[in-house]
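Each protein sequence line maps, in turn, to chains L and F. Heads up, the first sequence is in our numbering, so the first residue is 1 and it goes up one at a time. Heads up, the second sequence is in our numbering, so the first residue is 1001 and it goes up one at a time.
These are computed hints drawn from the structure, not numbers from a lab. Among the hints, erroneous ones may be present.
Here are the simulated lysine to aspartate or glutamate pairs, EDC-like style, with alpha carbons at most 20 Å apart [to be verified]:
no. : chain 1 : residue 1 : chain 2 : residue 2
1   : F       : Lys-1002  : F       : Glu-1069
2   : F       : Lys-1013  : L       : Glu-204
3   : F       : Lys-1008  : L       : Asp-219
4   : F       : Lys-1008  : L       : Glu-204
5   : F       : Lys-1013  : F       : Glu-1050
Reference excerpt, derived from the structure (chain L facing chain F, CB under 8 Å, subset only) [said to hold, decoys possible]:
no. : residue
6   : Pro-38
7   : Met-39
8   : Arg-139
9   : Gly-174
10  : Ala-244
11  : Leu-245
Beta carbons are placed, not taken as given, at the ideal position from N, Cα and C, and that holds for glycine.
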Amino acid sequence: MRVGFVGKGGAGKSSVAGTFARLLAGTGERVLALDSDPMPGLAFSLGVDQSDAGLPDSAVEDYEHDGRTAYRLRSGLSGTAAVEQYAARTRDGVYFLQLGKAHGPRWSNTRQHFGFQRVLDDLPGDGWSVVGDLPGGTRQPFLTWGRYAATFLVVVEPTPASLLTGRRLAGLTGMPQSPRVLAIANKVREPADAELVAERTGLEVLGAVPYDPALGEADRLGRAVLDVDPDAPSVAAVRSLVQALQSREESA
Amino acid sequence: MKIAVVGKGGSGKTTTSAVLARTFARSGASTLALDCDSNPNLGISLGLGEDATEQLVSVRDAVDAGEQEHASTPDDLLERFGVDAPDGVRLAVVTAIQNPQPGCP
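Between the sequences and the hints, there should be enough to build the whole structure, so can you do that?
The structure is reproduced here in structure tokens:
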């Protein structure tokens, strides 16, 4: 399974994606979770420390290309090897690789950016599932940062700004890899909310996740809802999402 | 006075910007609300409505389409491609990314 989570900022991408990755690993799959947001996010829901589980500068080398400086993984380092060497492991066995995080205005993340891109070009293949968490909005998704995704899951709240973003992201079907694009209706308070998401985004809804105070409480604690309250309604809903996508993949 | 509102996704940047803009406008200041998000939705928070917000043409798209030849100054661009939002706020969208584009790192 290769999935990319997209949506408006604050729609709940990271919360859902991290829980999704861990529950997917719980079904026996080997899962790589990718966070390409330069701001922290996915680590919380994966339940790992806010570390730089990114590529060290030494993993990336520069070279001259058409008279300009370009970057690639250091000689002999494949994308798969980079994942095995530099990804953090969560307690559920999920491999976790993130883009180097911003360290203030003078910090350059050029090497991490290019290195991360090269890993995306050479992700581990057979036997791996990939769950990617992209930054909010349309920029990275439409600039091919989710090019590994066979399925984009657009996380949409039943609010006008989130619906408008979902409508724009429906255009991801035009990406070169011809991905499947489905919506997740998030923070749903009544059944009509999921219908609204389908109607206003034009996307098929894979499933709905209820508005869940347990998630807000976990956020305040800076912890994963799956660790604080594994029986929370939102966790059960994400478990259903995993099953729904798995059965789609099996029947495809 | 020139203010930029920044923060994490979902923390309330757009809502804060819209309330600031309308408050300044109500107090008599001529106010420009500039949506610099590549996924622009400030119009919704200003009260312009979802459909009108979706139909806004970004200044970047206008310039790319050659409008700079007809609107040669920033004020001209705001005149031609900005819209009036409630309380007299002038709204302009800088850029919108809403189609697949060649990758950039």
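These are the hints, each one checked on the structure:
1. F:Lys-1002 with F:Glu-1069: violated, 28 Å
2. F:Lys-1013 with L:Glu-204: Not satisfied, since the Cα-Cα distance of roughly 29 Å exceeds 20 Å.
3. F:Lys-1008 with L:Asp-219: holds, 14 Å
4. F:Lys-1008 with L:Glu-204: violated, 28 Å
5. F:Lys-1013 with F:Glu-1050: holds, 18 Å
6. Pro-38: violated, 11 Å
7. Met-39: Since chain F brings a Cβ to about 6 Å from Met-39 (chain L), closer than 8 Å, the hint holds.
8. Arg-139: holds, 5 Å
9. Gly-174: holds, 5 Å
10. Ala-244: Because about 25 Å separates Ala-244 (chain L) from the closest Cβ in chain F, which is outside the 8 Å limit, the hint is violated.
11. Leu-245: Not OK, violated: Leu-245 (chain L) not within 8 Å of chain F, min 23 Å.
Checked against the numbered hints above, the structure breaks hints 1, 2, 4, 6, 10 and 11 and satisfies the rest.
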